[in-house]
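J.: Single-letter residue listing:
There are 2 protein chains.
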Amino acid sequence: MEIIQDPQEIERKSMAIIADELGELDCSPAEEKVIKRVVHATADPEIAESVIVSETAIESGLKSLEQGSNIITDVNMLKAGINSRKVNELGGAINCFISDEQIAEEAKEAGITRSMMCMRKAVQEQENKIFVIGNAPTALFELIKLVNAGQANPGLIIGTPVGFVGAKESKLELEKVDVPYITLRGRKGGSAVAASIMNALLYL
Amino acid sequence: MEIIQDPQEIERKSMAIIADELGELDCSPAEEKVIKRVVHATADPEIAESVIVSETAIESGLKSLEQGSNIITDVNMLKAGINSRKVNELGGAINCFISDEQIAEEAKEAGITRSMMCMRKAVQEQENKIFVIGNAPTALFELIKLVNAGQANPGLIIGTPVGFVGAKESKLELEKVDVPYITLRGRKGGSAVAASIMNALLYL
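Protein sequences appear in the order of chains H and S.
Here the first sequence is numbered in the numbering used here, starting from 62 and rising by one per residue.
Here the second sequence is numbered in the numbering used here, starting from 62 and rising by one per residue.
Since the hints were derived computationally from the structure, they do not count as laboratory data.
For clarity, every value in this text was computed on a predicted model and none was experimentally measured.
Any given hint could turn out to be false.
Unchecked claim - In silico DSBU-like cross-links for lysine-lysine, where the CA-CA straight-line distance does not exceed 35 Å: (1) K237/H <-> K182/H; (2) K169/S <-> K74/H; (3) K74/H <-> K237/S; (4) K169/H <-> K94/S.
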């Protein structure tokens with residue numbers, strides 16, 4: 062068996078297979094790149110149809126990145142999956158507060174989840190303009206609530222919680238919100254999907 | 062809409078839905094827990110049939126964990142997804158060498174990928190007994206080569222690379238190797254799947 066070792070060759074060949082399997086997509090070239098990255102991360106061509114990109118999402122996300130906006134993630138796994146070198150080059154940082162002991166205390170006192178308290182903390186800083194939620198529906202629900210209450214105005218929300226309880230519902234709520242967003246319909250999603258969308262924007 | 066906020070309640074309800082959708086599984090209770098964790102991480106009940114657990118995998122994996130074995134991952138995202146507190150409590154550590162500059166240099170000199178060099182380095186230490194490969198087929202191919210050459214004797218290999226080039230093939234090779242392994246047939250997999258398998262063992 063011949064094993065292809067060159068990472069760039071693997072990437073090139075993977076993208077050629079994806080293009081072949083997906084065929085012509087009815088969307089902008091930038092949106093197509095996002096969708097292909099999601100398929101690449103999941104090895105699931107069927108997922109392409111579930112990716113929803115709001116009209117101004119890519120333009121607004123790229124603008125936020127160029128302004129050096131910080132990126133907030135709900136879990137550390139997702140933080141580790143985003144190309145931090147690229148974010149730092151643009152003047153931004155990737156932050157995740159889920160392991161912060163003080164936030165854990167405050168969440169306990171307030172009777173809410175740590176994920177929710179992380180969102181409340183994150184929106185207090187103006188430089189946090191991109192939110193990437195790959196895991197916790199409660200984080201996405203809370204962020205949507207903060208946006209609707211006028212307490213947050215993100216440049217982009219990437220919301221792809223995965224799971225059987227609340228994930229699908231949280232993403233449907235995101236589609237009703239008046240901010241630029243990228244999401245995935247249904248139960249599927251996760252950190253790898255969210256990271257692939259964020260990285261697609263960073264590579265644009 | 063009623064939003065369930067209690068993480069334990071979400072987990073309990075998720076597992077009940079998964080049990081209901083999967084029905085009776087023809088495997089050991091420990092294997093069932095592994096499979097359900099994978100379904101939980103992917104929200105994809107169909108994936109249950111693709112999970113392959115070798116006969117001694119769970120017993121050998123648990124023994125390695127109890128002995129305080131280190132866990133080696135191929136990517137940092139996967140490292141971030143494993144419950145490090147549990148691993149530390151057992152006396153082990155989770156290591157990923159992919160960002161190590163010296164390994165990058167050595168890989169370049171040897172004309173191989175960084176992922177491959179990471180495996181060569183990792184097998185040199187006896188306390189590295191559990192290998193969790195969620196992303197790079199080249200890492201899994203290299204690890205299998207080292208095992209077959211008698212240069213590595215892992216207590217467990219969790220191998221679930223995802224993708225269109227080499228992923229499926231690397232996992233088929235893993236099924237031929239004479240070490241305990243857990244894998245996923247086909248193209249699908251990834252860091253979240255690999256982490257869910259490792260965490261299932263840590264929770265057993």
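J.: For this structure, which hints from the list above don't hold up?
T.: Hint check: nothing fails, all pass.
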